[in-house]
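Can you make the complete structure from the sequences, with help from the hints?
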Amino acid sequence: MIDLTKSGKHSAGVKISSAAEAERQLTEMLHYCYSSTDEVFHVFLYEWLIGNGLISRLLEVKSSFLEPFLRRTARQPDNLQILDIMWKYYEKERNYSAAARILAKLADRDTDKFTLWDRVDYISRAILCAKACSTTLNNDGEFLHELEDKMDVAQLQLSIYSALEQLTENNPGVTAALKSL
Numbered sequence: 001m002i003d004l005t006k007s008g009k010h011s012a013g014v015k016i017s018s019a020a021e022a023e024r025q026l027t028e029m030l031h032y033c034y035s036s037t038d039e040v041f042h043v044f045l046y047e048w049l050i051g052n053g054l055i056s057r058l059l060e061v062k063s064s065f066l067e068p069f070l071r072r073t074a075r076q077p078d079n080l081q082i083l084d085i086m087w088k089y090y091e092k093e094r095n096y097s098a099a100a101r102i103l104a105k106l107a108d109r110d111t112d113k114f115t116l117w118d119r120v121d122y123i124s125r126a127i128l129c130a131k132a133c134s135t136t137l138n139n140d141g142e143f144l145h146e147l148e149d150k151m152d153v154a155q156l157q158l159s160i161y162s163a164l165e166q167l168t169e170n171n172p173g174v175t176a177a178l179k180s181l
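Residue 127 in the numbering used here sits at position 127 of the sequence shown, with consecutive numbering throughout.
Don't take each hint at face value.
Here are the simulated SDA-like pairs of lysine to any residue, each with C-alpha atoms no more than 20 Å apart in a straight line [stated by the list, open to error]:
| id | residue 1 | residue 2 |
| --- | --- | --- |
| 1 | Lys-105 | Leu-70 |
| 2 | Lys-62 | Gln-76 |
| 3 | Lys-88 | Leu-70 |
| 4 | Lys-150 | Leu-167 |
It should be emphasised that the hints constitute simulated quantities derived from the structure, not laboratory data.
Shown next, in the form of structure tokens:
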């Protein structure tokens, strides 16, 4: 996470004796940053955390700036990573209805970046989230039913995929059909 030179010093000249010490300093620095009241600073911090793959650190943030940032960023094209972060954020905040809707949106997304198994995973997580909140919101009961229908379709697609996979050895054209699922 922190770039150490051969001498064991960070590029800013701070002596870091071990990975544990680097982690401690990063945690301390991030907690200091989280306490800032500057929204623009938070936006840059969130972008930095995402860009450096520190999603779990981003989800630690307790700030009124995080949800608006995620919502704004999710509106941009090619926002799959942000949507993935967003459902985790909502699940962590116990907003299961919002998490379920985002998971469903991810499962339905028209992209070749997800496999059939990724989509099944998103649908099953969406079902779990919808069940977690269905007792409090009546609309989520209908939504849950739609998700369960999608899961039935996905299970059928998995069955077809398995059957086609067995035919692959004898027919090279089947490989193209498998990719379209």
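So, going through the hints one by one against the coordinates:
1. Lys-105 with Leu-70: Holds. Lys-105 to Leu-70 sits at ~15 Å (cutoff 20 Å).
2. Lys-62 with Gln-76: violated, 24 Å
3. Lys-88 with Leu-70: Between Lys-88 and Leu-70 the Cα gap is close to 11 Å, so the pair holds against 20 Å.
4. Lys-150 with Leu-167: violated, 26 Å
The earlier numbered hints that this structure contradicts are 2 and 4.
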